[in-house]
Amino acid sequence: MAELISSGLVRGLGIGSTYALLAVGFVIIYRATSVVNFAQPALMILGAYFTSVFISSAGLPFAVAVVAAMLVMAAIGLATERIALRPMVGRPPFAAAMVTVGVFITLYVVAHRLIGSRVRAIRDPWGLEPVDLLGVTVAQIDLAKIVISLTAIAVVGLFLARSRLGLAMRATSLDQEVALAQGVNVGRMFGLAWAISGALAALAGALIGTVAGGFEASLALVALKALPVIIIGGLDSIKGAVIAGLFVGVAEALTRTYQPRYADWLGANFDVAVPYVIMIVVLMIRPYGLFGTREVERV
Amino acid sequence: MIGTAILQRRDRVRGRPLLYTSYAADQAILNTPAKRWWTAVLMIVVLALPFLLSRDLTSLMMTVFIYAIGGIGLNLVTGYAGQVSLGHAFFMGLGAYTAAVLGGAETDRVLGFGLDMAIWLPMAGIVPALVGLAVAPLAARVRGLYLAILTLGLVFIGEHVFKEARPITGGAGVGRSPAEPVLFGMDLHGTYHAFGYILPRDAMLYFVCLLIFVVLAVAARNLARSKLGRAFSAVRDRDIAAAVMGVPLQRTKTLAFAISSFYAGIAGALLVVVIGQMTPANWDLFLSIQFLAVILIGGIATISGSIMGAAFVVLMPRLVSELAGSVPFISTAPGSGFLTVFHVQTMLFGALIVLFLVLEPRGLYGLWVRVRNYWKAWPFSY
Chain A
1 MAELISSGLV
11 RGLGIGSTYA
21 LLAVGFVIIY
31 RATSVVNFAQ
41 PALMILGAYF
51 TSVFISSAGL
61 PFAVAVVAAM
71 LVMAAIGLAT
81 ERIALRPMVG
91 RPPFAAAMVT
101 VGVFITLYVV
111 AHRLIGSRVR
121 AIRDPWGLEP
131 VDLLGVTVAQ
141 IDLAKIVISL
151 TAIAVVGLFL
161 ARSRLGLAMR
171 ATSLDQEVAL
181 AQGVNVGRMF
191 GLAWAISGAL
201 AALAGALIGT
211 VAGGFEASLA
221 LVALKALPVI
231 IIGGLDSIKG
241 AVIAGLFVGV
251 AEALTRTYQP
261 RYADWLGANF
271 DVAVPYVIMI
281 VVLMIRPYGL
291 FGTREVERV
Chain B
1 MIGTAILQRR
11 DRVRGRPLLY
21 TSYAADQAIL
31 NTPAKRWWTA
41 VLMIVVLALP
51 FLLSRDLTSL
61 MMTVFIYAIG
71 GIGLNLVTGY
81 AGQVSLGHAF
91 FMGLGAYTAA
101 VLGGAETDRV
111 LGFGLDMAIW
121 LPMAGIVPAL
131 VGLAVAPLAA
141 RVRGLYLAIL
151 TLGLVFIGEH
161 VFKEARPITG
171 GAGVGRSPAE
181 PVLFGMDLHG
191 TYHAFGYILP
201 RDAMLYFVCL
211 LIFVVLAVAA
221 RNLARSKLGR
231 AFSAVRDRDI
241 AAAVMGVPLQ
251 RTKTLAFAIS
261 SFYAGIAGAL
271 LVVVIGQMTP
281 ANWDLFLSIQ
291 FLAVILIGGI
301 ATISGSIMGA
311 AFVVLMPRLV
321 SELAGSVPFI
331 STAPGSGFLT
341 VFHVQTMLFG
351 ALIVLFLVLE
361 PRGLYGLWVR
371 VRNYWKAWPF
381 SY
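First to last, the sequence lines map onto chains A and B. Here the numbering used here is used: position 211 in the first sequence is 211, and no number is missing along the way. Here the numbering used here is used: position 236 in the second sequence is 236, and no number is missing along the way.
No lab work stands behind these hints, which were simulated from the structure alone. In this text, all values refer to a predicted model and were calculated from it rather than measured experimentally. Built from N, CA and C at the ideal position, the CB exists for glycine as well. Please note that a few of the clues may not be correct.
[Unchecked claim] Have a look at the derived ranges for each label pair, beta carbon to beta carbon: (1) A/Ala121 to B/Asp237: 49 to 55 Å; (2) B/Leu133 to A/Asp132: 53 to 59 Å; (3) A/Ala268 to B/Arg318: 32 to 38 Å; (4) B/His189 to A/Ala268: 32 to 38 Å; (5) A/Ala121 to B/Ser226: 56 to 62 Å; (6) B/Val371 to A/Ala268: 50 to 56 Å; (7) B/Arg55 to A/Glu295: 50 to 56 Å; (8) A/Ala161 to B/Arg318: 51 to 57 Å; (9) B/Trp375 to A/Leu165: 48 to 54 Å.
Between the sequences and the hints, there should be enough to build the whole structure, so can you do that?
Below you can see the structure in the form of C-alpha cells.
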C-alpha cells in the first residue's frame with residue numbers, strides 16, 4: 001500500500017503535474033493562434049539549462065534562478081513568435097505547425113550545443129530527501145512538483161479569468177477579427193501567449209531537470225508526452241490539460257511500478273509508450289478528446 | 001504515358017508547342033517539349049553517374065532515390081490528400097523488418113528466410129500497406145492536428161514494439177543485418193561485366209533502385225491525375241464539400257494511408273540495404289521529420305518537388321561537410337570550434353523548413369516555377 005502511494009500515486013502526480021504544466025502551455029498557444037507548438041520540448045530543455053546555469057554559474061538561489069529562467073524563456077518565446085510565427089498568420093494551421101517543427105529542431109540543436117555531452121545538474125533544495133506524509137514516506141521533490149505546478153497553473157487560470165489582459169486573450173481565441181474590432185491588439189496577444197507558454201515550459205524544465213544524476217539535452221523528448229496529454233484532454237481545454245496530465249502521469253508511474261511484475265511480456269520500459277496507448281484509446285471513443293470543443297462543420 | 005505522348009505528336013500544331021487540342025495532351029505528364037528534353041537529359045546523366053562518381057557518392061545517390069520514394073509516399077497522404085502524418089518512420093521500419101525477415105540470413109539470434117528480392121521487395125510494401133489499412137479507420141475519425149499527434153503516437157508505440165520483437169528486429173541497440181539484395185538469383189552487390197566493360201561495384205543495385213524509383217514516381221504521378229487523385233485533392237481542400245459531392249471520405253482517406261504506407265515500406269526496406277545496419281531506435285520521430293522536410297522543402301503536392309526535396313535533404317549535409325573546411329566558425333572535429341558540422345547540418349535543416357514555409361510555401365518546386373516563368377516572359381516582366 002505504501003508503495004502504491006509513494007512510487008505510484010505521489011510520483012505519478014508529481015510527474016503528471018509537470019506534464020500538465022507543459023500541456024497548459026500548448027493549450028494557451030493553441031487557443032490564441034490555432035497552432036500546436038511542437039517547439040515546446042526545446043523551450044523546456046532550454047529552460048532547464050538556464051536554471052542550472054543561473055544556479056551553478058551565477059550562484060542564485062533556486063527560486064530566483066527559476067524565475068530568471070522563466071523570464072529568459074518568455075523572451076525567447078516572444079521572439080520566436082515574432083520572427084517565425086507572425087508571418088504565418090492567415091495560413092493553414094498545418095503550415096504553421098510545421099514551422100514550429102523547424103523551430104524545434106533549431107532550438108534543440110542550440111540546446112545540444114549549450115549543454116554538450118556532459119550532464120548538468122539543477123541543485124534544487126529538495127534533492128532525494130524523503131518526507132513523512134500521513135504515515136507514508138514520499139519524496140519531497142514529488143510534493144514540490146505538485147505544489148509548484150498546480151500553483152503556476154492556478155495563477156495562469158486566474159490571470160485568464162479575472163484580468164483585463166486575460167479577457168483580451170480569451171476574446172482573441174474566440175474570434176480574432178471581432179477582438180481586433182473591439183480594440184484588442186491581437187498581435188500582442190499572440191506574443192503574450194507564446195511568452196506565457198515559454199515561461200511555463202521553463203518552469204516545467206526546471207522541475208523535470210531535477211532528475212537524480214542530472215539531465216542531458218535528450219531530456220527534451222520527455223516533453224513530447226505532453227502531446228498525448230493535450231489530445232486526451234482536448235486541444236483547447238485548460239481543465240482537460242490538467243486532468244489528463246495528472247491522469248497520464250499516474251498511469252505512467254503505476255505502469256513503471258507494476259508492469260514488470262505483472263505484465264512482463266509487454267517488454268522493458270513499456271511506460272514510455274503508455275501515454276500514446278491511452279491517447280489512441282481515448283481518440284477511438286472521443287475524436288476531440290475528453291474536454292475538447294467539437295468543431296462545427298459547414299460546407 | 002507512352003500512349004499520350006504519341007497522341008500528342010499527332011495533335012501538335014506546328015510552331016505552337018503550348019497549344020493543346022485534346023484533353024489527353026493537356027494532361028500528359030511531359031506536356032511541353034522542354035520537359036521532354038530535360039527529362040531525357042536528366043535520365044542520361046543519372047544513368048551515367050555510377051561510372052563517374054566514387055562509390056560513396058553512388059550510394060548517396062541511391063539514398064536520394066530512396067528518400068524520393070519515401071517522400072512521394074508522404075506527399076500522397078499529406079500533400080495530395082491533406083492528412084498530416086508524422087508516422088512515416090513507423091511504416092518505413094515495418095517495411096524494413098518485413099524485408100529483413102523474408103530476405104535476410106537466419107542466425108541464432110534473428111529470423112530470416114533468405115528469399116529473393118522479387119519476393120521481399122513487394123512484401124515490404126504490402127505488409128505496411130495492410131497495417132496502414134488497419135490504422136486508417138481510426139485515423140479517418142480524427143482531423144488536422146489531432147491526426148498529426150495520433151500518428152506521432154504510432155512512431156513511439158512502434159519504436160517500443162520494434163525494441164521488444166527481438167527475433168525480428170535484433171533488439172534495442174543491436175539491430176540486425178538487412179535483407180540480401182539478390183534479384184532473380186543475381187547478387188546486386190557484386191561486380192558485373194557488360195558489353196566488355198566492368199561495371200563498378202554496387203552499380204547494379206544503383207540501377208535497380210533507380211528503376212524502382214522511376215516506376216513508383218510515374219505511378220504516383222498517374223495516380224495524382226486519376227479519379228482517385230482528384231478525390232484526394234477534394235478531401236484535402238474541404239472534406240465536407242468533397243463528401244457532399246459524392247467522394248467517399250472514409251474510403252479515400254483509407255486508400256491514401258495504405259498507398260502512402262506502401263511507398264514508405266519500400267523506401268524503408270531499400271534504405272537499410274544501402275545504409276547497412278539499422279537499430280529499432282533509428283525509426284524515430286526525427287526520421288519522420290526528415291521526410292516532412294523532404295516534402296516541405298521540395299514542394300507540397302508535387303511529385304517533382306518531392307524528388308527535388310529528397311535530393312536537397314540527402315545532399316545538403318554532405319555539401320555542408322565538404323564546405324566546412326573553408327568556413328571559419330565550423331569545425332570538423334567534435335568539441336572544438338563554435339559549431340560542429342553535425343550541428344550546422346541539423347540547424348540548417350530546421351531553419352530551412354521555417355524559411356521555406358514563410359517565404360516560399362511551394363518549396364523548391366515553387367522556386368523553379370518562378371525561374372521558369374521569368375525566363376518564359378523574358379525580356380518582359382510578365
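Hint check:
1. Checked against the given bound of 49 to 55 Å, the beta carbons of A/Ala121 and B/Asp237, roughly 52 Å apart, stay inside it.
2. Against the hinted window of 53 to 59 Å, the Cβ-Cβ separation of B/Leu133 and A/Asp132 comes to about 55 Å, which satisfies the hint.
3. For A/Ala268 and B/Arg318, the hinted distance range of 32 to 38 Å is satisfied, since their beta carbons lie about 37 Å from each other.
4. Against the hinted window of 32 to 38 Å, the Cβ-Cβ separation of B/His189 and A/Ala268 comes to about 35 Å, which satisfies the hint.
5. Look at A/Ala121 against B/Ser226: about 59 Å separates their beta carbons, and that is inside 56 to 62 Å.
6. With their beta carbons about 53 Å apart, B/Val371 and A/Ala268 fall inside the hinted range of 50 to 56 Å.
7. About 53 Å separates the C-beta atoms of B/Arg55 and A/Glu295, a value consistent with the hinted range of 50 to 56 Å.
8. Distance hint for A/Ala161 and B/Arg318: a CB-CB separation of about 54 Å, consistent with the stated range 51 to 57 Å.
9. Our hint of 48 to 54 Å for B/Trp375 and A/Leu165 holds, since their Cβ atoms are close to 52 Å apart.
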